[in-house]
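Chemist: Just so you know, we're using this note's numbering here: the sequence shown kicks off at 60 and counts up by one.
Derived from the structure by calculation, the hints contain no laboratory data.
Please note: incorrect hints may appear among the correct ones.
[To be verified] Between beta-carbon pairs, the in silico distance windows are: (1) T405 - P195: 50 to 58 Å; (2) V189 - R315: 49 to 57 Å; (3) K379 - K439: 40 to 48 Å; (4) L395 - I350: 15 to 23 Å; (5) L266 - K439: 43 to 51 Å.
Just so it is clear, CB atoms sit at the ideal spot from N, CA and C, and this is done for glycine as well.
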Amino acid sequence: MLRTLKIQPLLRRMLQMDWPVQQCSEVEIRAERDRNYRWNFAVNMADVASFFFGLSFISAVTIVPLFISKLTDSTLAIGLAAVISQGAWYLPQIFTANFVERLPRKKPMVVNLGFFLERLPMWVIVLSAVVAAWNPTLALVLFLFAYAWHGFGAGIVATSWQDLIARCFPAERRGRFMGISLFIGALVGAIAAGFSARLLAGFQFPLNFVYSFAIAAVAITISWFFVSLTREPVEPIKSTPQSTRQFWGELPRILRRDTNYRHFLISRLIFALAGMGMGFVTVAAIQRWGISDSMVAGFTAAFLIGQTAGNLSLGFLADKRGHMVSLEIGTFITFLAFTIAWLAPTEQWYYLVFFLLGVNPAATLVSGMMVVFEFSRPEKRPTYIGLTNTSVGIASMLGPLIGAALALLGYSWLFMISAVLSLIALVGFRWWVKEPRFAQVAALETESAPDKAIRL
Numbered sequence: 060m061l062r063t064l065k066i067q068p069l070l071r072r073m074l075q076m077d078w079p080v081q082q083c084s085e086v087e088i089r090a091e092r093d094r095n096y097r098w099n100f101a102v103n104m105a106d107v108a109s110f111f112f113g114l115s116f117i118s119a120v121t122i123v124p125l126f127i128s129k130l131t132d133s134t135l136a137i138g139l140a141a142v143i144s145q146g147a148w149y150l151p152q153i154f155t156a157n158f159v160e161r162l163p164r165k166k167p168m169v170v171n172l173g174f175f176l177e178r179l180p181m182w183v184i185v186l187s188a189v190v191a192a193w194n195p196t197l198a199l200v201l202f203l204f205a206y207a208w209h210g211f212g213a214g215i216v217a218t219s220w221q222d223l224i225a226r227c228f229p230a231e232r233r234g235r236f237m238g239i240s241l242f243i244g245a246l247v248g249a250i251a252a253g254f255s256a257r258l259l260a261g262f263q264f265p266l267n268f269v270y271s272f273a274i275a276a277v278a279i280t281i282s283w284f285f286v287s288l289t290r291e292p293v294e295p296i297k298s299t300p301q302s303t304r305q306f307w308g309e310l311p312r313i314l315r316r317d318t319n320y321r322h323f324l325i326s327r328l329i330f331a332l333a334g335m336g337m338g339f340v341t342v343a344a345i346q347r348w349g350i351s352d353s354m355v356a357g358f359t360a361a362f363l364i365g366q367t368a369g370n371l372s373l374g375f376l377a378d379k380r381g382h383m384v385s386l387e388i389g390t391f392i393t394f395l396a397f398t399i400a401w402l403a404p405t406e407q408w409y410y411l412v413f414f415l416l417g418v419n420p421a422a423t424l425v426s427g428m429m430v431v432f433e434f435s436r437p438e439k440r441p442t443y444i445g446l447t448n449t450s451v452g453i454a455s456m457l458g459p460l461i462g463a464a465l466a467l468l469g470y471s472w473l474f475m476i477s478a479v480l481s482l483i484a485l486v487g488f489r490w491w492v493k494e495p496r497f498a499q500v501a502a503l504e505t506e507s508a509p510d511k512a513i514r515l
């Protein structure tokens, strides 16, 4: 896509596309990766932790719906925000995958473009809360614009960031890296949720949201500094450059040829649709029981505690048992969360609902994202990443729109259907998809069996 736009010299310099690349063997690349492992672990852990700490002050599940409900009574606006939060990061990735495959260095795109596309709009979100004091409609428009700018901007650099992470960490250590990073981010976020509750309850609207969004903007900007310190092991481009037409023509062939990946993708899309109810849980509690703003902050704390527990446990489990096991556990817990939300007799049950829902992003970020790295060869990794995440993004953006329509019938219908879809996805993950890490090992052993027979 970007190739057809005839990239200007300034952009080429930003992405270091014309810098020479030293030809290194696989052994040398692995040696460089291992030599910088601890450094990259530290700075990227700080990046992820500070980023998700910032996101806890602008939680898509609790804070954002609450802020929008102060500006308008429209469920469509809440649904649109849910569309952005669940789909914007995923959607653009297939459109950058072919371009990213031709980049010998992924870090410049993550850092140089990431500042303008991902960090800068956070400060516009702060401005939207300031504007809310005298013009709620303008504040709503400004917020949704900046929220989409941040979400889609993050999606544009996401393929290169994921490929950067895959380069810096071997498969058997990626789970613990992401798990520990998200654990720290969610842990400090859970502690900060108490402070968030005091902000929401102790200051009048919209000053409380100005402070909350400002903390988010500062933390997410700090994360940019840490990711800029990454020492990337540069790999020479191995695959033959493809035209845009060739790239798009290859995608159906991948789905036909790679049966295990196709089964995974279908199950993953169903799981993404199951998330249609997440953006409406807070609103359902507000409308059904008239809960206070401080109680919403308590829900945020429960959500972050669940995310904290899920990040750490699922990350280490994924390194030992494979990412599919972690994803299955996260899917089952999501099924339980929506079932309880559907049948809960009092608002107190929603603390458990949010705790369980916190495991959902832990499972999708730690394993739902990183398992994709293991379905393909390194040189085709951006294509698999882009195809998966854009497909998931489309499902994630359709989900809240369907959810908004179901919410008109009643939140019970919405949560019941979300629970059923979670159960269907669980069946697909458990009995239809093979763990790619172990499937590859089995394939290699099968391929080498004739040679062993000849030697015997």
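Chemist: So, for every hint listed, does it hold in this structure?
Modeler: Against the structure, the hints come out as follows:
1. T405 - P195: 50 to 58 Å: violated, 32 Å
2. V189 - R315: 49 to 57 Å: At roughly 52 Å between Cβ atoms, R315 and V189 fall inside 49 to 57 Å, so the hint holds.
3. K379 - K439: 40 to 48 Å: This hint is violated: roughly 26 Å between Cβ atoms.
4. L395 - I350: 15 to 23 Å: holds, 22 Å
5. L266 - K439: 43 to 51 Å: holds, 50 Å
In summary, the structure is inconsistent with hints 1, 3 from the numbered list given earlier, while agreeing with the others.
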